[in-house]
Amino acid sequence: MSVKYIPVQWNNNKWKYNAVMLASVFAYLWIFIFVTPDLMSNEGRINGAVHNARAFGSCAFLMLSVILCIGPLARLDNRFLPLLYNRRHFGVMTAFVAITHASYIINWYFAFSPSNKYEALLFSNTSYGQLSGFPFEVFGIFALFCLVILAATSHDFWLKFLTPRIWKRIHYLIYAAYISVVAHVGLGILQDQQNHTFTVIFILAAIVVATLHVMAALHEKKHGDPLAAESGDWVKVCETTDMQEGYAKIAQLTAKERVAIFLHEGKLSAISNACAHQNGPLGEGKIIRCLVTCPWHGFQYDVTNGSSPAPFTEKVPTYNLKVEGNTILVDRHANEPGTYVEPVPLNIQGAAA
Amino acid sequence: MDQAQAIFFAFQIWCSIGALIALFFLTIGIDRIDEDAQGAYVFRLLLIPAILLIWPLVLWRWFILETERDAWPNRHRPPRHAHFWVAIALAVFIPVIILVSLSVRQTWPVDFEPQKLSLLEERKS
Ligand code: HEM
Ligand code: FES
Chain G
0 MSVKYIPVQW NNNKWKYNAV MLASVFAYLW IFIFVTPDLM SNEGRINGAV
50 HNARAFGSCA FLMLSVILCI GPLARLDNRF LPLLYNRRHF GVMTAFVAIT
100 HASYIINWYF AFSPSNKYEA LLFSNTSYGQ LSGFPFEVFG IFALFCLVIL
150 AATSHDFWLK FLTPRIWKRI HYLIYAAYIS VVAHVGLGIL QDQQNHTFTV
200 IFILAAIVVA TLHVMAALHE KKHGDPLAAE SGDWVKVCET TDMQEGYAKI
250 AQLTAKERVA IFLHEGKLSA ISNACAHQNG PLGEGKIIRC LVTCPWHGFQ
300 YDVTNGSSPA PFTEKVPTYN LKVEGNTILV DRHANEPGTY VEPVPLNIQG
350 AAA
Chain B
0 MDQAQAIFFA FQIWCSIGAL IALFFLTIGI DRIDEDAQGA YVFRLLLIPA
50 ILLIWPLVLW RWFILETERD AWPNRHRPPR HAHFWVAIAL AVFIPVIILV
100 SLSVRQTWPV DFEPQKLSLL EERKS
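Protein chains in written order, with numbering that gives the first Met the number 0: chain G, 0 to 352; chain B, 0 to 124.
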């Protein structure tokens, strides 16, 4: 939420997060390379470069698995939200570990080929017609491209420039990359692995990732935000008795558009549920002195006008709303981001004040 | 090797075009379309790798923003429903790939208990 862009935004939590992450990566690589050199290799038949390649490759795979678990975990249980907070640095780090893996491979296996080593990588094995002995490297190359694109577009500038919607769509590449890495390992190293420690870790990790995503999808189906009942321009979103002071009720206007209705000091305000940063769910944040804090990365907005307090400039759309009897209705046409809407009093005895 | 050379050459061309676009975008374009970038220079270096790779998208967004065609409501409509399809894709592809990998694996060296022939010979003598 800077006024001006800087290369990387740091704060205490990010330092801690990164310190833990770096320490884990180094610990893993150290254990793999020095402490148990035989654990995951083919009984010492391999040399240093390939051994390092394996250490970095398996490290990147595990990092990717952990990253992919964070999203569904946070959707299943709020207590995992802090992990979501700095996922970006985690992703960039994974891309670097994966690049190191690929460089070891390319500089070892293909360095002495008569042609350019990158061209050799592409065409030294072309048995695309068979599964056994399939050139599994292409899956690695595809995944690496995805990871590099994601890391390269991770700066906040890209979010704003591309819009969160397009940025998110690009970031769905991570799932394609993961499936591709599973194929890279499955048709690659799994085919001639003799020591099965890594095989077991690999299969478990991949199954956990898939299972968590299915669980989160089912959870969303059951507990997702209710769809607003349609009737012309004004849509019913909830009952006055649903409201709780300091919190919001989220309703789905269309498949993509969600509105968050807040009750603050006995008055109702409605803003877009999608944070201007990465479209985090504003309605899941709590209001403190007119400001709601996004649960993902902590941007704040005044619920009466959808604007971040100065010096920040982020804005989200607001919605006109009215109360009829016990029902709260919202105008389906959002106001331009930053438009002030007079809060509507909720003068109903039933509401928990 | 001709095909490999062609692919590699195409990739180099792609990135060279990207480099040219990065040059113009980071010196002229970015100041025009994003006021937060005005006066901020170091972070622009971080944007170069992405421009090399996804320059067509950069050109398209630059055009949209220059011509003020950007529709603000879209910024607040995330594609959340896609999570559902992602879950299905992961749940289908991952088990299938693992099963296929395990079934094409040729396991005979594991079932076969190697014997040290020299030992047998020693015993004979
Ligand atoms: C240009 C891209 C890539 C190339 C050319 C490549 C190539 C290879 C090769 C040749 C092996 C077998 C090494 C051996 O002989 O033991 C391998 C193993 C592996 N690769 Fe990649 N790879 C690439 C990208 C990736 C990426 C992006 C990931 C994960 C994020 C990855 C994860 C792995 C893993 C987990 C292994 C097995 C390591 C082990 O034996 O424990 N690779 N790769
Ligand atoms: S999505 Fe990042 S702060 Fe809201």
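Hints are not guaranteed to be accurate.
Unchecked claim - Some but not every residue of chain G turned toward chain B, in silico, with C-beta under 8 Å:
id	residue
1	Gln190
2	Ile200
3	Ala204
4	Ala216
5	His218
6	Ile249
Claimed, not checked - Straight-line Cα separation of at most 20 Å, DMTMM-like style, residue types lysine to aspartate or glutamate; simulated pairs:
id	chain 1	residue 1	chain 2	residue 2
7	G	Lys167	G	Glu136
8	G	Lys159	B	Asp1
9	G	Lys167	B	Asp1
10	G	Lys255	B	Glu34
11	G	Lys116	B	Glu65
12	G	Lys159	B	Glu34
13	G	Lys285	G	Asp232
14	G	Lys15	B	Asp1
15	G	Lys220	G	Glu335
16	G	Lys159	G	Glu136
17	G	Lys159	B	Glu67
18	G	Lys159	B	Glu65
19	G	Lys159	B	Asp69
No lab work stands behind these hints, which were simulated from the structure alone.
Glycine residues also receive a C-beta, built at the ideal position from the N, C-alpha and C atoms.
Hints, one by one, checked against the model:
1. Interface restraint check: G/Gln190 against chain B, minimum CB-CB distance 5 Å, threshold 8 Å, status holds.
2. Below 8 Å, beta-carbon pairs count as interface contacts, and G/Ile200 has none with chain B, the closest being about 13 Å; its hint is therefore violated.
3. For G/Ala204, the interface hint is violated, since its Cβ never comes within 8 Å of a Cβ in chain B; the closest pair sits about 10 Å apart.
4. Because the closest C-beta pair between G/Ala216 and chain B is about 4 Å apart, less than 8 Å, the hint holds.
5. Because the closest C-beta pair between G/His218 and chain B is about 10 Å apart, greater than 8 Å, the hint is violated.
6. Among the interface hints, the one on G/Ile249 is violated; its C-beta lies about 12 Å from the nearest C-beta in chain B, farther than the 8 Å criterion.
7. Among the hinted pairs, G/Lys167 with G/Glu136 is inconsistent with the structure: their alpha-carbon atoms are about 27 Å apart, more than 20 Å.
8. With a C-alpha separation of about 41 Å, the suggested pair G/Lys159 and B/Asp1 falls outside the 20 Å cut-off, and the hint is violated.
9. At roughly 37 Å between alpha-carbon atoms, G/Lys167 and B/Asp1 are farther apart than 20 Å, so this suggested pair is violated.
10. Taken as a hint, the G/Lys255 and B/Glu34 pair is broken in the structure, with Cα atoms around 28 Å apart against an allowance of 20 Å.
11. A hinted pair counts as satisfied when its Cα atoms are at most 20 Å apart, and G/Lys116 with B/Glu65 does not qualify at roughly 42 Å.
12. Pair hint G/Lys159 plus B/Glu34 holds up; C-alpha atoms about 11 Å apart against a cutoff of 20 Å.
13. Our distance criterion of 20 Å between C-alpha atoms is broken by G/Lys285 and G/Asp232, whose separation comes to about 28 Å.
14. As the CA atoms of G/Lys15 and B/Asp1 are separated by approximately 50 Å, the hinted pair breaks the 20 Å bound.
15. Only pairs whose Cα atoms come within 20 Å are accepted, and G/Lys220 paired with G/Glu335 is rejected, the gap being roughly 30 Å.
16. Between G/Lys159 and G/Glu136 the alpha-carbon distance is near 35 Å, which puts this suggested pair outside the 20 Å criterion.
17. For a cut-off of 20 Å, the pair hint linking G/Lys159 to B/Glu67 stands: about 15 Å separates their Cα positions.
18. For the hint pairing G/Lys159 with B/Glu65, the CA-to-CA distance comes to about 14 Å; that is within 20 Å, so the pair holds.
19. For the given pair, G/Lys159 sits about 12 Å from B/Asp69 by alpha-carbon distance, which is consistent with the 20 Å threshold.
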